[in-house]
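Protein chains in written order, with my numbering: chain D, 4 to 191; chain P, 4 to 191.
Some hints could be false.
Claimed, not checked - Under 7 Å between C-beta atoms, here's a sample of chain P residues computed to sit facing chain D:
#, residue
1, A126
2, N147
3, E151
4, A188
Derived by calculation from the structure, the hints in this document are not laboratory data. The model shown is predicted, which means the values in this text are computed figures rather than measured ones. All C-beta atoms, glycine included, are put in the ideal place defined by N, C-alpha and C.
Number of protein chains: 2
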Amino acid sequence: MSRWEPNARGRLEKAALDLYSERGFEQTTAAQIAERAGLTERTFFRHFADKREVLFGGASTLEKVFVDALAGTSDAAAPIDAMASALESAAVPFLERHEFARQRQAVIMANAELRERELIKLASLSTALAATLRRRGVPEPTANLTAEAGIAVFKVGFERWIAASGDRALVEFLRESLDELKAVAAGE
Amino acid sequence: MSRWEPNARGRLEKAALDLYSERGFEQTTAAQIAERAGLTERTFFRHFADKREVLFGGASTLEKVFVDALAGTSDAAAPIDAMASALESAAVPFLERHEFARQRQAVIMANAELRERELIKLASLSTALAATLRRRGVPEPTANLTAEAGIAVFKVGFERWIAASGDRALVEFLRESLDELKAVAAGE
Numbered sequence: 004m005s006r007w008e009p010n011a012r013g014r015l016e017k018a019a020l021d022l023y024s025e026r027g028f029e030q031t032t033a034a035q036i037a038e039r040a041g042l043t044e045r046t047f048f049r050h051f052a053d054k055r056e057v058l059f060g061g062a063s064t065l066e067k068v069f070v071d072a073l074a075g076t077s078d079a080a081a082p083i084d085a086m087a088s089a090l091e092s093a094a095v096p097f098l099e100r101h102e103f104a105r106q107r108q109a110v111i112m113a114n115a116e117l118r119e120r121e122l123i124k125l126a127s128l129s130t131a132l133a134a135t136l137r138r139r140g141v142p143e144p145t146a147n148l149t150a151e152a153g154i155a156v157f158k159v160g161f162e163r164w165i166a167a168s169g170d171r172a173l174v175e176f177l178r179e180s181l182d183e184l185k186a187v188a189a190g191e
Numbered sequence: 004m005s006r007w008e009p010n011a012r013g014r015l016e017k018a019a020l021d022l023y024s025e026r027g028f029e030q031t032t033a034a035q036i037a038e039r040a041g042l043t044e045r046t047f048f049r050h051f052a053d054k055r056e057v058l059f060g061g062a063s064t065l066e067k068v069f070v071d072a073l074a075g076t077s078d079a080a081a082p083i084d085a086m087a088s089a090l091e092s093a094a095v096p097f098l099e100r101h102e103f104a105r106q107r108q109a110v111i112m113a114n115a116e117l118r119e120r121e122l123i124k125l126a127s128l129s130t131a132l133a134a135t136l137r138r139r140g141v142p143e144p145t146a147n148l149t150a151e152a153g154i155a156v157f158k159v160g161f162e163r164w165i166a167a168s169g170d171r172a173l174v175e176f177l178r179e180s181l182d183e184l185k186a187v188a189a190g191e
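Just chain D, with the same shape it has in the complex:
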């Protein structure tokens, strides 16, 4: 029988990120993560399918929030305005997560397999956003280009947020990044 552990998931996440940073992702085991968190390996596997899911478990949450927000925008909105609104929602899961996101990014950048996985995640997100726009009646190639523009804005804004101190919220970087993309496209 397992007893309830206060904030077990958060403790496991922190222990995992610390160990991945200290000794590398490949060199860390689920048992070591559980030990560092003062929990059992069984508790680890109740929260995560494997040690990679500590890094990518949030991806499906992000995709769901992003796609649902886009699907919920008014059909009358221009596709880029629908995307702007969806980007505001996509920033929400990252509130209070700057340190986690920063540490996670460093771990991912240090490992080729994890970098690939991150690219796949973004490509899958782009595909899902384009499909959502098509369902809203946006024709091709507009749907695909709007989705790719949204991902570009998210990626660049996210990287700038990670590199900054954490005082400003992700949503502000996403807004700036979208404004900048509009300026670029307008030839400014």
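Using the hints, position chain P against chain D.
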């Protein structure tokens, strides 16, 4: 001593693509490709490091052509106009290559590992384009967003070219795709 084989590279490419399409990429060996082309395995390895390079050997050519064209544009040009000009050059290696590109895309889409490799190729291209823009004095985040916009235009235009009959050149699809991105960003 090896004798000269007329258009050995082209014959090997065609044999490889045919075999990858017929029996799958994983199930095809370099020996089978050489045999289908009526050449020796040794000739295959004079032209390609491995069977994956038949599909991705063009990636470094594309990156070189694309980056060189971007580097060669006037510093006075707006970043998006420099990118537009570079996209015209990036289409050149694909002249007379519609059938190859179409068949290659189908092989890549059928294999998860090859799809990942294609994503990595595009991410590497985006990084190289952003670095080229920074060297031309374009600040961040403009450089990164222009590079990502260029890749989005290339990706969407390329997919539409592949899906079309091959009567129209890639460059036309890239121009349309860029115009469409501008319209999207302008909220049209």
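Hint check:
1. A cut of 7 Å between beta carbons decides the hint on A126(P): the least distance to chain D is about 6 Å, and the hint holds.
2. Given hint, N147(P) at the interface with chain D, holds; its Cβ is 5 Å from that chain's nearest Cβ, closer than 7 Å.
3. Residue-level restraint check for E151(P) holds (minimum Cβ-Cβ distance to chain D is 4 Å; threshold 7 Å).
4. Given the 7 Å rule on beta carbons, the hint for A188(P) holds: about 3 Å separates it from the nearest Cβ of chain D.
Of the numbered hints listed earlier, not one is contradicted by the structure.
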